[in-house]
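Those protein sequence lines, which keep their order, are chains A and B.
Heads up: the first sequence begins at 1 in this note's numbering, then just goes up one per residue.
Heads up: the second sequence begins at 1 in this note's numbering, then just goes up one per residue.
Honestly, the hints are just simulated from the structure, not real lab data.
Cβ coordinates follow ideal geometry from the N, Cα and C atoms, glycine included.
Among the clues, some could well be false.
Said to hold, decoys possible - Example chain B residues on the side facing chain A (calculated, C-beta under 10 Å, incomplete):
(1) Ala25
(2) Gly32
(3) Arg33
(4) Glu42
(5) Phe63
(6) Pro64
(7) Leu65
(8) Glu98
(9) Ile142
(10) Asp144
Claimed, not checked - Label pairs and their computed distance ranges (CB to CB):
(11) B/Asp102 <-> A/Gly48: 38 to 46 Å
(12) B/Asn81 <-> A/Ala262: 34 to 42 Å
(13) B/Lys105 <-> A/Glu55: 48 to 56 Å
(14) B/Pro157 <-> A/Glu353: 32 to 40 Å
(15) B/Asn124 <-> A/Arg296: 24 to 32 Å
(16) A/Ala187 <-> B/Met155: 23 to 31 Å
(17) A/Gly66 <-> B/Met155: 49 to 57 Å
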Amino acid sequence: MTQRRNLQGNEACALGAIRAGCRFFAGYPITPSSEVAEAMARELPRVGGTFIQMEDEIASMGAVVGASMGGVKAMTATSGPGFSLKQENLGYACGAEVPCVIVNVMRGGPSTGMPTRPSQGDIMQTRWGTHGDHSIIVLAPASVAEAYSETIRAVNLSETLRVPVVVLLDEVVGHLVETVDLDAIPAGAEVWRKFATGPREGFEPYAVTDDLVPPMPRPGDGYRSHTTGLTHGPSGFPTQVPDQARAAIQRLSDKLDLHREAIESYRTRAIEDAEVLIVAIGITARAAQAAVTDLRAQGVRAGLFRPVTLWPFPEQALRDTVENSGARAVIVPEMNQGQMVLEVERLLAGRAEVHRLNRIDGEVIAPAQIARKAIEVLA
Amino acid sequence: MMDTLEIRFSGSGGQGLILAARILAAALVAQGRNVAQSQSYEPVSRGGLSRSDLVISDGEADFPLGGGLDYLLVLDSAAANASDALLGEKSVVLVDAELVPDPPKGAFSTRALPFAETARQLGNRRVANIVALGALAGSGPICDNTALEACLRDMAPAKYADLNVEAFRAGQRLVA
Numbered sequence: 001m002t003q004r005r006n007l008q009g010n011e012a013c014a015l016g017a018i019r020a021g022c023r024f025f026a027g028y029p030i031t032p033s034s035e036v037a038e039a040m041a042r043e044l045p046r047v048g049g050t051f052i053q054m055e056d057e058i059a060s061m062g063a064v065v066g067a068s069m070g071g072v073k074a075m076t077a078t079s080g081p082g083f084s085l086k087q088e089n090l091g092y093a094c095g096a097e098v099p100c101v102i103v104n105v106m107r108g109g110p111s112t113g114m115p116t117r118p119s120q121g122d123i124m125q126t127r128w129g130t131h132g133d134h135s136i137i138v139l140a141p142a143s144v145a146e147a148y149s150e151t152i153r154a155v156n157l158s159e160t161l162r163v164p165v166v167v168l169l170d171e172v173v174g175h176l177v178e179t180v181d182l183d184a185i186p187a188g189a190e191v192w193r194k195f196a197t198g199p200r201e202g203f204e205p206y207a208v209t210d211d212l213v214p215p216m217p218r219p220g221d222g223y224r225s226h227t228t229g230l231t232h233g234p235s236g237f238p239t240q241v242p243d244q245a246r247a248a249i250q251r252l253s254d255k256l257d258l259h260r261e262a263i264e265s266y267r268t269r270a271i272e273d274a275e276v277l278i279v280a281i282g283i284t285a286r287a288a289q290a291a292v293t294d295l296r297a298q299g300v301r302a303g304l305f306r307p308v309t310l311w312p313f314p315e316q317a318l319r320d321t322v323e324n325s326g327a328r329a330v331i332v333p334e335m336n337q338g339q340m341v342l343e344v345e346r347l348l349a350g351r352a353e354v355h356r357l358n359r360i361d362g363e364v365i366a367p368a369q370i371a372r373k374a375i376e377v378l379a
Numbered sequence: 001m002m003d004t005l006e007i008r009f010s011g012s013g014g015q016g017l018i019l020a021a022r023i024l025a026a027a028l029v030a031q032g033r034n035v036a037q038s039q040s041y042e043p044v045s046r047g048g049l050s051r052s053d054l055v056i057s058d059g060e061a062d063f064p065l066g067g068g069l070d071y072l073l074v075l076d077s078a079a080a081n082a083s084d085a086l087l088g089e090k091s092v093v094l095v096d097a098e099l100v101p102d103p104p105k106g107a108f109s110t111r112a113l114p115f116a117e118t119a120r121q122l123g124n125r126r127v128a129n130i131v132a133l134g135a136l137a138g139s140g141p142i143c144d145n146t147a148l149e150a151c152l153r154d155m156a157p158a159k160y161a162d163l164n165v166e167a168f169r170a171g172q173r174l175v176a
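Chain A on its own, in the form it takes in the complex (with noise of 0.2 Å):
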């Protein structure tokens, strides 16, 4: 018997990061995020976890970080200027290596700009938000059920890779209802971060290991451990020795390229011959998919290649499918004044010409914009 049923967005991040196993939510309410916090309130005690609604989103991204030291899975979800507030605890994350998911479900801004209107204009800050070089994951989902099975995906990856893991939500996917079919879904057996084990004596956190993720240390289990967000050794001390502060900062981001393959994730569609690429992240994506299908009937060979992990981006992937499909132009449609684009440009660099559709007046770009795009770079 399926369960099929209509889920919004929002509420699909919640329900797959319980599935994952997150049992703590710290989060202060914003369009157009809320209801992953109404949903984590109501959802979160049924299954013996803890929802706090904090006084802001600082205290939120502190209270989640705390927890999930504490040794359980934990989330928080904002929009925009909450997603600025959230920045200096999610750099402690980042460089304390503290797992924790963060949903930003983005609206027009800068500041707080227009709070119940799409956009895309967060790509950017996702990667870049938090001061230093810093490593992190990002998740596009492009649809409610996309939602659901990245969530449970950036709850996975955080835990795994020590990582903090941005879900990040366009207005209209977040508030999307779609017909969905969980249990459909695979979701996978649960994921947990590699716990310490072995002699309490010599115990170093931050440990350089083969896969370059550090054990960490249960709470309870007696292992004598110091966090900091000072740059530190294998001690967990800190460091300002040079060959010591490089080879820690060095190990964030070699970590994530070591890992690379399981992190990236890609859709694509019709690339296989095609002259016109278009690349595009969530609503934005899904009118490129109706766009590819108008071009296709009227004789015009179109492709979609679609980043659902944003951050690291597929480079390789992008590059293989600009080669292969002998794509001679590029088109980026996205809901800001050109963020993704500038990746794309700096991937492609030369090997194709690069258009740019770009739309900031709090709608969505629709498939037909797309087309005539398309049509246009190709004439």
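Once you have looked at the hints, place chain B on chain A.
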């Protein structure tokens, strides 16, 4: 295999448009169809342009937002012309006769119906959304009425269940 169907509920914030759309969406899923429901509203608790779109298909829709409407409901003049670009020859437009004095005009069928007035006659002007839902359901092969009434009872506040069903049926009679 049925065709994709697009329906928009539009009006002013607070009229219950999104609830009406959610009720129809639930009834359609109960009948085995796939629904994408989206909404747009302004950051105010009442007033401002509000709308909710349903894209009804057999699998996951490529693009889940309205692109060419089969049915458009307009319950307030705030939304009178907001959907003009999505109307075509096949469109059926239902507007409130009293609150939308200047309905969209074009090569499509438009009917002005007394949603607000019918609701007042039933004793509660707030059920105009359900009167309109009844009229919509009666305007074409959209959804089974039994499934719709079951979802209406299930999803609207319990103490108004009977009134809502009455409003739904009154809406159907407007287009009978």
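Hints, one by one, checked against the model:
1. Ala25: 5 Å, holds
2. Gly32: 8 Å, holds
3. Arg33: 8 Å, holds
4. Glu42: 6 Å, holds
5. Phe63: 4 Å, holds
6. Pro64: At about 6 Å, which falls below the 10 Å cut-off, the nearest Cβ of chain A leaves the hint on proline 64 of chain B intact, so it holds.
7. Leu65: 6 Å, holds
8. Glu98: This hint is violated: glutamate 98 of chain B lies away from chain A, its Cβ roughly 28 Å from the closest one there, beyond 10 Å.
9. Ile142: 16 Å, violated
10. Asp144: 16 Å, violated
11. B/Asp102 <-> A/Gly48: 38 to 46 Å: 57 Å, violated
12. B/Asn81 <-> A/Ala262: 34 to 42 Å: Check failed, 51 Å falls outside 34 to 42 Å.
13. B/Lys105 <-> A/Glu55: 48 to 56 Å: Hint holds: Cβ distance 53 Å, inside 48 to 56 Å.
14. B/Pro157 <-> A/Glu353: 32 to 40 Å: 57 Å, violated
15. B/Asn124 <-> A/Arg296: 24 to 32 Å: 51 Å, violated
16. A/Ala187 <-> B/Met155: 23 to 31 Å: 28 Å, holds
17. A/Gly66 <-> B/Met155: 49 to 57 Å: Given range 49 to 57 Å: violated, Cβ gap about 39 Å.
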